[in-house]
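Novice: Residues per chain, in single letters:
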Amino acid sequence: MEQQLDGQKPVQKASPEMIHSLFLINHSGDIFLEKHWKSVISRSVCDYFFEAKEKAEDPENVPPVLQTPHHYLISIYRGKLFFLSVVQTEVPPLFVIEFLHRVADTFQEYFGECSESVIKDNVVIVYELLEEMLDNGFPLATESNVLKEMIRPPTILRSVVNTLTGGSNVGDTLPTGQLSIIPWRRAGVKYTNNEAYFDVIEEIDAIVDKSGTTVFAEIQGVIEACVRLSGMPDLTLSFMNPRLLDDMSFHPCVRFKRWEAERVLSFIPPDGNFRLMSYHVSSQNLVAIPVYVKQNISFLETGSCGRLEITIGPKQTMGKMVEALMATIHMPKSVLSVSLTASQGSYTYDITTKILIWDIGRLNPQKLPNLRGSLSMQTGVPKPEENPSINIDLKIQQLAISGLKVSRLDMYGEKYKPFKGVKYLTKAGKFQVRT
Amino acid sequence: MTDSKYFTTTKKGEIFELKAELNSDKKEKKKEAVKKVIASMTVGKDVSALFPDVVNCMQTDNLELKKLVYLYLMNYAKSQPDMAIMAVNTFVKDCEDPNPLIRALAVRTMGCIRVDKITEYLCEPLRKCLKDEDPYVRKTAAVCVAKLHDINAQLVEDQGFLDTLKDLISDSNPMVVANAVAALSEIAESHPNSNLMDLNPQTINKLLTALNECTEWGQIFILDCLANYTPRDDRESQSICERVTPRLSHANSAVVLSAVKVLMKFMEMLPKDLDYYGTLLKKLAPPLVTLLSAEPELQYVALRNINLIVQRRPEILKHEMKVFFVKYNDPIYVKLEKLDIMIRLASQANIAQVLAELKEYATEVDVDFVRKAVRAIGRCAIKVEQSAERCVSTLLDLIQTKVNYVVQEAIVVIKDIFRKYPNKYESVIATLCENLDSLDEPEARAAMIWIVGEYAERIDNADELLESFLEGFHDESTQVQLQLLTAIVKLFLKKPTETQELVQQVLSLATQDSDNPDLRDRGYIYWRLLSTDPVAAKEVVLAEKPLISEETDLIEPTLLEELICHIGTLASVYHKPPSAFVEGSRGVQHKRLPGSTGSGESVESPDTGSAAGVSDAPPAVIPSQGDLLGDLLNLDLTPPATTGPPPPATSGLQMGAMDLLGGGLDSLMGDESEPVTTRRERPPIPLRTGTPQSPQTLQQSPSPPDYSPTELGGDLGGSSAMGAGFGAAPAAMPAPVSGGLDDLFDLGGGVGMPMGAFSPPKIVWLPAMKGKGLEISGTFARRAGVFQMELTLTNKAMSVMTDFAIQFNRNSFGIAPAGPLQVLTPLSPNQSIEVTLPLNTVGPVMKMEPLNNLQVAVKNNIDVFYFSCQYPISMLFVEDGKMERQVFLATWKDIPNDNESQFQIKDCHLSSDAASNKLQGSNIFTIAKRTVDGQDMLYQSMKLTNGIWVLAELRLQAGNPNYTVSLKCRAPEVSQCVFQSYEAVLKN
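Chains as they are written, first to last, in our numbering: chain A, 13 to 447; chain B, 328 to 1315.
Treat the hints with caution; some may be incorrect.
To be verified - Taking CB as the label site, the calculated pair distances span:
no.: 1; chain 1: A; residue 1: G41; chain 2: B; residue 2: E451; range: 47 to 53 Å
no.: 2; chain 1: A; residue 1: Y304; chain 2: B; residue 2: P749; range: 43 to 49 Å
no.: 3; chain 1: B; residue 1: R717; chain 2: A; residue 2: T225; range: 15 to 21 Å
no.: 4; chain 1: A; residue 1: G41; chain 2: B; residue 2: F343; range: 29 to 35 Å
no.: 5; chain 1: A; residue 1: A64; chain 2: B; residue 2: Q1182; range: 55 to 61 Å
no.: 6; chain 1: A; residue 1: D42; chain 2: B; residue 2: R717; range: 48 to 54 Å
no.: 7; chain 1: B; residue 1: L763; chain 2: A; residue 2: Q120; range: 53 to 59 Å
no.: 8; chain 1: B; residue 1: P749; chain 2: A; residue 2: S54; range: 38 to 44 Å
no.: 9; chain 1: B; residue 1: D525; chain 2: A; residue 2: D117; range: 35 to 41 Å
Claimed, not checked - Sample of chain B residues facing chain A (criterion: CB under 10 Å; computed from the structure):
no.: 10; residue: L428
no.: 11; residue: D477
no.: 12; residue: E647
No lab work stands behind these hints, which were simulated from the structure alone.
C-beta atoms are modelled at their ideal positions from N, C-alpha and C, and glycine is treated no differently.
Chain A with its partners taken away, still in its complex shape (with noise of 0.2 Å):
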């Protein structure tokens, strides 16, 4: 829209609204919630992303972006639930889908979870969150923190509460924070405990192909933080080596100019939960893999059986303990049963969706686990074609993969002497072992 400023007067006016409706519609494809932000759009525009869906087969690989001859569908799949926009002007996709995101993850904060009961049993809250988050198709509070203080957050005892006395789920305030220049923190917080912790969590993403070689492997970081600090306190977190970073995308309370030029975070933290910055150590920079996977998957040209072995290994672990491990594997269609014998852990294949997962646990450096047996294959079809690929998970406490370490918190503004904690979480993320 605003990039028409120097266009010429058109003769059929569009509507200005950015995001006009929004449809829920569950993973069967029913829509059950519709809200409208201007006129009532009919429902019958689902149609065209219905036949999309209907295309794409998995859910996941319906495309975001859908052209109709009226309207454009942007969609995210969350939780097994599509959250459909419909628009009617050129308006920044990215910026929909944003919005969309922010949607899930305040239906998330507000009740827990973001799935269809959850949303139907609170509907009220959520239209109301609705109307309070979009207004005209400008977002108007999407900050968890604000729209807490306008419209409360559902808790057994408020319901019960409200019922006894009439009370109401709505504050009658206006958000201290929405207009100051700090609109993520309210005035006025007060704890008896104060306490500031940090969780550095990484994920490995990484591609390995069958010689055991990386392809390609990332970091993907981001610092959660829990403040519950009382009053406007102002914080400054320094690292050992925040060279390391590539690229940061910080919460707006990171003053930036800061991070430029002395390359610490100092911030005004928002009261309670929030991510505090996440980064990316590319693949330019080593990257460590933990483990390794020595496989062989093959299938006999002729006969109707295939051979699995697999056995994992540590690696670069920083002498770090490796738990939570597992691997799962997409088989070929044609392969209708397996006969395993797993040293450590226990596996299940699914047949419906022939997927092997072999959930190992910790991983003992003495005594590798190993996954080996036959496959039964559909007799009188050809060889499957596609080698399938191997999907590690794994975790490891106490490391942050790419090194990187805390060095101090500091706090200003305030008297009191908060608790302090950082930790670490290394886990995998889309790391793959093709063979």
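Assemble the complex: chain A is given as a structure, and chain B must be docked to it using the hints.
Specialist: Coordinates of chain B only, in the frame set by chain A:
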């Protein structure tokens, strides 16, 4: 206890029950009832019947209840405008409430109630709220101005709200600034000439200040607004860039992409040797890479934009190839986009890695993805010469897998590789031929046939191979048929002795047994060529083909520039200019990057859709510019091959000839009609000139396309000798094959001599009974551009008639006699005289019913007689009624759909060319022809004497005698008359 209980009452009496509850005395019960009403609303139930009861609950001090009632009001006020008035007083009162939350809520809700009567009451409260002491109220009010403007723009202007809104840009609170910018941008869109967003260095400075402090959403509005500004010089440009770069680190990806847009645009103005320029390039890469670790939906949009960015500035991401490697569990739409970018980034340095990846992908499960991966290998071979050999051997490996669709794709791309590197890899032909039988897709069959024909001399059993295809000739798709025809002709020219029978067989199949005009035309041309001058035929058919280039799948530079200005928008996702598809955004300015004009480059229209962009769009009534041009130059029913600029405006006559040549040539040259092959390389537009550009570069209006003749030549024929040869062919030579060739000559004749305008037969206008013995019959004609009335006066009375004169009443088009009625001799009894009366259209105008009605008075020595007659409106179509293609497209989109009318013409048995010729005789000009699914669509224009343009789309289908005409005109009243003319012209 949850809200799901509100859904449980689905009994018949639900509405009554709710009504009772809403009117209950108990507050709690009321609130519960309103909640039930809202719950019903959310699932799409109609609860508007409860309007008065819900509105009654509005006056409450319970904020939640008030909010719920407001929610309800917004949904249903439009359907119950009179009832909505009941709510006004409460609104006005709430706008004065001491609690800012309630003030804001009231003004916000009022703005959402789109009822005229309410808007009147809204003005005063809104004015107060815009100046409210509380910024929360001000920011809400700013948005409300935009809402009100949408309902009643005049009111907003009259009340001076726009000025107030402009003042808010200087507000002390950044949130208010952001909302004011958003509201102004929105208003400006529907109000483009108002110069609302008067961007000057001062306002830019204010915006940049607000940018740092406002919410993420506000930042997007401000950045998008900034992107419309053109800095005065490179210093200003740099300083804006410096203040925008911190946004690249924002957690919100929409902010990041909007910032990228501003930077990509303003970078154009920076001198390349500036240190800062390099710094900026380096800063752009990491955030783009980071976008790829977001949710898949975000990744998709980011990838579509990165695709543009790497085409414009490949240096930004040249080291980041690996992040585009496809992961097993990426959604398919992400996989396909990544693949595309991988090829764009492929270079000699990384080709080994890329190929290894592509080979890996070719063994995946998803068929679409595998196909694209195989194709990508071919594209790599064409792009990176050093890798060609490796690519070919990879493709051969893949062919060995014998997976059907992999083999077919591989053959299609190998054909392209042959075109790029002739006489290098032909040794693989044997392997290809082994797979002949497994090919079942037209594209692969056509590719294989092309290869056999092209290398017929090296394939011993080429004739057998081609013959085997010939058996099922009529079941093949057009693409394969055309290719087979060409291949056999090639074979014949190479091995004339043993293949005579074969070539005769295919020529007769193509010319006599086929309904497809393209195939017939091509067949006849070959036939004549071969029978008249085999040497010439050899030169033409076996001419050396131009090499195909790696640039083929790049977006055309002008379009790319425009799309770069639209990064982050839907246009960038579809890779089409906004004007091409956004409803209601007609006449949108084509944006240009600053610094790119004034470099002596002619302004070209963004003519080509990218192959990707166009192909996934649903077929539209009006093809995008690229399609249209493609069709003009290529008669094959396959994807448009030619994407150069259109030929200069020609008369319909010349155009017809060009169609014939363009299409024929393309195919004769053995070109595959496939996007990869025929696109020419275009010199890159030099981007920076010494001096920074003036702001006008952005404001430039779309100028008429300006084509250089050299480009045209390049498009029309790979070799000019060939073009000449063909130009001469149809006229100069006698028909060697009689009968069969008549067709061709018919067409030639039709094209050569435009037929005269249609003129209806004379009818009696004034019977002798009414004319006291004078009978007048007549008609209208347009001859050699002169509009005239042709009359026959017959004296059926007993006495001589003299002193004839004629006069017209005022009429719709100001038709008047251009001279006196020339009846020089007295008219004796029983004598008839033919008179021609030239007419002009400068007389007084009055709208008639029907529109083409003309009231005439004829006087003689006996009396004055009055009669009325109707002229075919086609008489008023002027000779210069042929619109430029570009103008046509723009105008078609311009004219609102309401002005479109559709008519059926029944029982008409003309081919599209014949129809087009006939219509042209009456000054209805065919601008373009397009064929979709066997249906021909002719796009036509005509201009009336008073300057009114009428645009038409005529659809006809072979074998169906009913045609459909869609007419679009700014003065829709004429449509009916125009249609009648169509029918009259076509049926006569």
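Novice: Taking the beta carbons of P749(B) and S54(A), is their distance inside 38 to 44 Å?
Specialist: violated, 58 Å
Novice: Just tell me: holds or violated, for the beta carbon distance of R717(B) and T225(A) against 15 to 21 Å?
Specialist: holds, 19 Å
Novice: Range first: 55 to 61 Å. Now tell me if the beta carbons of A64(A) and Q1182(B) are that far apart.
Specialist: At 59 Å between Cβs, range holds.
Novice: Is it true that the C-beta distance of G41(A) to F343(B) lies inside 29 to 35 Å, as the hint says?
Specialist: holds, 33 Å
Novice: How about L428(B): closest beta carbon in chain A under 10 Å, or not?
Specialist: holds, 5 Å
Novice: Can E647(B) be said to touch chain A, with a Cβ gap under 10 Å?
Specialist: holds, 8 Å
Novice: Confirm or reject the claim that L763(B) and Q120(A) have a C-beta distance inside 53 to 59 Å.
Specialist: holds, 57 Å
Novice: Can the suggested window of 35 to 41 Å be confirmed for the beta-carbon pair D525(B) and D117(A)?
Specialist: holds, 38 Å
Novice: Using the nearest Cβ pair, does D477(B) come within less than 10 Å of chain A?
Specialist: holds, 6 Å
Novice: Take a look at whether the Cβ-Cβ distance between D42(A) and R717(B) falls inside 48 to 54 Å.
Specialist: Hint holds: Cβ distance 52 Å, inside 48 to 54 Å.
Novice: How does the Cβ-Cβ distance of G41(A) and E451(B) compare with 47 to 53 Å: does it lie in that range?
Specialist: holds, 48 Å
Novice: Determine whether the Cβ-Cβ distance between Y304(A) and P749(B) falls within the hinted range of 43 to 49 Å.
Specialist: holds, 47 Å
Consistency note: the structure conflicts with earlier hint 8 alone.
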